[in-house]
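Trainee: Kindly generate the complete structure, drawing on both the sequences and the hints.
One letter stands for each residue in the lines below.
2 protein chains.
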Amino acid sequence: MARDERGVTAQSEDFAAWYNEVVFKAALVDRGPAKGTMVIRPYGYRLWELVQSALDRRIRDTGHENAYFPLLIPESYLNREADHVEGFSPELAVVTHAGGKQLDESLVVRPTSETIIGEMMARWIGSHRDLPLLLNQWANAVRWELRPRMLLRTTEFLWQEAHTAHADEADARRETMLGLRIYQEIARDLAAMPVIAGEKTPGERFAGAVETYTIEAMMRDGRALQSGTSHYMGTNFARVFDIRFTGETGRDELCHTTSWGMTTRMIGAVVMTHGDDRGLVLPPRLAPYQVVIVPITRGGDTAVDEAAERLARRLRAAGVRTHVDARTQVTPGFKYNEWELRGVPIRLELGPRDLAAGTVVLVPRLGDDGKRAVPIDSLPEAMPGILDEFQAYLLTRATDFRDEHTRTVDTWADFADAVATGWALALHCGAPDCEQDIKSTTTATPRCVPLDGEPATGSCVRCGAPSAYGKRVVFGRAY
Amino acid sequence: MARDERGVTAQSEDFAAWYNEVVFKAALVDRGPAKGTMVIRPYGYRLWELVQSALDRRIRDTGHENAYFPLLIPESYLNREADHVEGFSPELAVVTHAGGKQLDESLVVRPTSETIIGEMMARWIGSHRDLPLLLNQWANAVRWELRPRMLLRTTEFLWQEAHTAHADEADARRETMLGLRIYQEIARDLAAMPVIAGEKTPGERFAGAVETYTIEAMMRDGRALQSGTSHYMGTNFARVFDIRFTGETGRDELCHTTSWGMTTRMIGAVVMTHGDDRGLVLPPRLAPYQVVIVPITRGGDTAVDEAAERLARRLRAAGVRTHVDARTQVTPGFKYNEWELRGVPIRLELGPRDLAAGTVVLVPRLGDDGKRAVPIDSLPEAMPGILDEFQAYLLTRATDFRDEHTRTVDTWADFADAVATGWALALHCGAPDCEQDIKSTTTATPRCVPLDGEPATGSCVRCGAPSAYGKRVVFGRAY
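Protein chains in written order, with the numbering used here: chain A, 346 to 824; chain B, 346 to 824.
Bear in mind the hints are in silico, worked out from the structure with no lab data behind them. None of the values given here were measured: they were computed from a predicted structure. Be a bit skeptical, because a hint or two may be false.
One copy or two, either will do: identical chains are not told apart, so a pair holds if it fits within one copy or between any two.
DSSO-like, lysine-lysine: derived pairs with alpha carbons at most 30 Å apart [stated by the list, open to error]:
id, residue 1, residue 2
1, Lys370, Lys716
2, Lys784, Lys370
3, Lys380, Lys446
4, Lys370, Lys380
5, Lys446, Lys716
6, Lys784, Lys446
7, Lys816, Lys680
8, Lys680, Lys446
9, Lys816, Lys716
10, Lys680, Lys370
Mentor: Now the structure itself:
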């Protein structure tokens, strides 16, 4: 990376430009050759692996089993559920030729796997003893995007998609909420993102679902990012794929199914939740390197280099992901800028004078006032706590930011004002036309009806008709 | 699974039928709807995850970084390397339509990623300081197969593909052998498969490679299964994708590249290396359940059920993957058969009399003579050792089997005889025509020129011309 490539546009100047510069310059991703495709580079992929391993553990611990289903799905499968095909048709990539011949039936590259997993569930489920059937898949999926954006909306993305079948509605609804709760916890505990969990309005539902739940996060430009969704399908897919079971009384019944997914979009969410004008700011639990040590040597001071390596070994032994930047062809100042751009939570600067004093200069990625000299020997024991504090600080900061940019509004003027810079909590009539009208006027959409919202009724903020949902709705412009 | 579905065809009667029955009945896989596609069911996927985690650790420990590259590759990329396109063209699945429109340029679903990763390497590599570039990807790949077989040759498979770029030939060759050695160790230490590592003859090389190395395993029907390959590409891909670097002296040079891959075929290899007429036999290190406890209760003996659960908890705490089969709707005998079919290494039978005596009946999956009563309290400490013994026994048994079915031959009659039931170690002239002649006559192919083969020269076993390679070649019929 050349010196002059380090600077990034200020967020306040052009947030979209800032985002694009940061994800490329921090080496999270690169552009693929086919339209809207993305390469996830090692630094970005490590972040995803850290999401994966925590999420996979929670999914297993709650009784789900991983499996793998084919990428290529007969086109006719998609057509079976009317809403599903309508929702996904415009986004499909279609294999028409294979093995040098035109196929009798075209195959779609999976945009999501409800149909093919539904078909298999029908084969595997016989009696009530086979239920619940709790499956999860880690895979790629392809949806042809008109306006692709790195990590947020790419033609191909990676994700986890859970698909479950249940004996009754109550159990399937419990599962739907379990998926949502797992996402809320992963967002909060891992990504330091204070998301709002709630239900989508009918116009924003997953194609084929009875109900869709979402976690919505606020980015630093005030926009919302849907960061994980969980769907209760009722018996819609069970009916068309014939997912049935023999109940305890011997009766033949339809299963109730659910699905829930979280994608590589989460990496984009982390970038836009915590980043600043100097680049990425990574929550320690997702940082590929939690600590970078920069030895400050003039003319090959091996004592300093060795001390840096020794400290790194001790930090690693304490469970801290540590990198020593021992490059000789760039200056310490260059390294500082680069690791700030790449969002490393804690930088340690170690020069000959520090070494003589038995200290190291600790610089947290946020707030230069945190810069301080600390005894080298105390670091392995202290670092996990320092990282926890940094993690907690990010969550508090993001929560404060979100709260400052969320307003309870009762007039249209206030509404328009609120969604220009953040979110509006407003009463709404629930009419699709009125939703559409709000969207065309302000580009804001209903993000969700928050699960923990206070009961509230009154008049629609836009049209004045009686409000629906029994509580306020979160509106915002969204990615 | 109904009672009458348990029996499987004897291996000696029809090995192919045995294999097909076992992989389905043991619930490793199911058939996908599109030709040659496969569903990997939870039991089979867990096996793959155990391969993955061990292999991933070795790949990381040797300095490689994981990344992710697009599934869809412009068709023109494949065409750049002449051998590569010739090798892969017949197997490509092609996306011609996306987003409701015909694409200007068709996209192929990756059959392998040399081309797209080569394109990115060219973008990322500037100077010698960027080398070696050691990348690895966990992904799916699609190759249209004319004669698909579950796990062994499926239209879509999962794999790990490492792709690396180096400053010179020596370093790239070192890397090629490193990949091969990792595979050899994974096969031996994890899958208890005593593979032969060697070089492919020119006719069996990867399309576009200068040299291809392989590990070859012997299945219980005497056939060979290529279980992992590592390729030295020379500068073939560097030339067409322009993967260049500025050397220390300032000169512009081409990189030398390698690639190496191991796939879900490994699961099929384990099935055919260790299985017997009762079904799967899983090496403990790859077994989703290493121990299954079958409580033998008549009319709900809660003391036995509780003791089984207690023992399971203690075994799990000792690091043993343990399952309690507490189903009430099937008999203990049914469970024994089912877990034998599914290859669980150790079964523990626990009835009221055992419990009273403080013992449990231990039955290893191989050899009923190993059946014995053991004190319950000794098991958590003893079990890891028992599993290690079982693992070692499988490797010894497979090595003996292979050696008994491998013959050093110097006449054509002996050759034909040897490859009818196993492998032949023979001198060969190296001529492609002669290789082809052997194949049409016996269906046997040269599997590899073993790396550790003794020096040997003489006359070709088929045509009598002077032998090539300086050592004997392994010939065998292959999957």
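Trainee: For each hint, tell me whether it holds in the structure or not.
Mentor: The hints, checked one at a time:
no. : hint            : in the structure
1   : Lys370 - Lys716 : within (25 Å within a copy, 63 Å between copies)
2   : Lys784 - Lys370 : neither (34 Å within a copy, 54 Å between copies)
3   : Lys380 - Lys446 : both (25 Å within a copy, 13 Å between copies)
4   : Lys370 - Lys380 : within (20 Å within a copy, 43 Å between copies)
5   : Lys446 - Lys716 : neither (65 Å within a copy, 56 Å between copies)
6   : Lys784 - Lys446 : between (46 Å within a copy, 28 Å between copies)
7   : Lys816 - Lys680 : neither (51 Å within a copy, 53 Å between copies)
8   : Lys680 - Lys446 : neither (54 Å within a copy, 47 Å between copies)
9   : Lys816 - Lys716 : neither (46 Å within a copy, 66 Å between copies)
10  : Lys680 - Lys370 : within (14 Å within a copy, 57 Å between copies)
The structure fails hints 2, 5, 7, 8, 9 (numbered hints given earlier, in ascending order).
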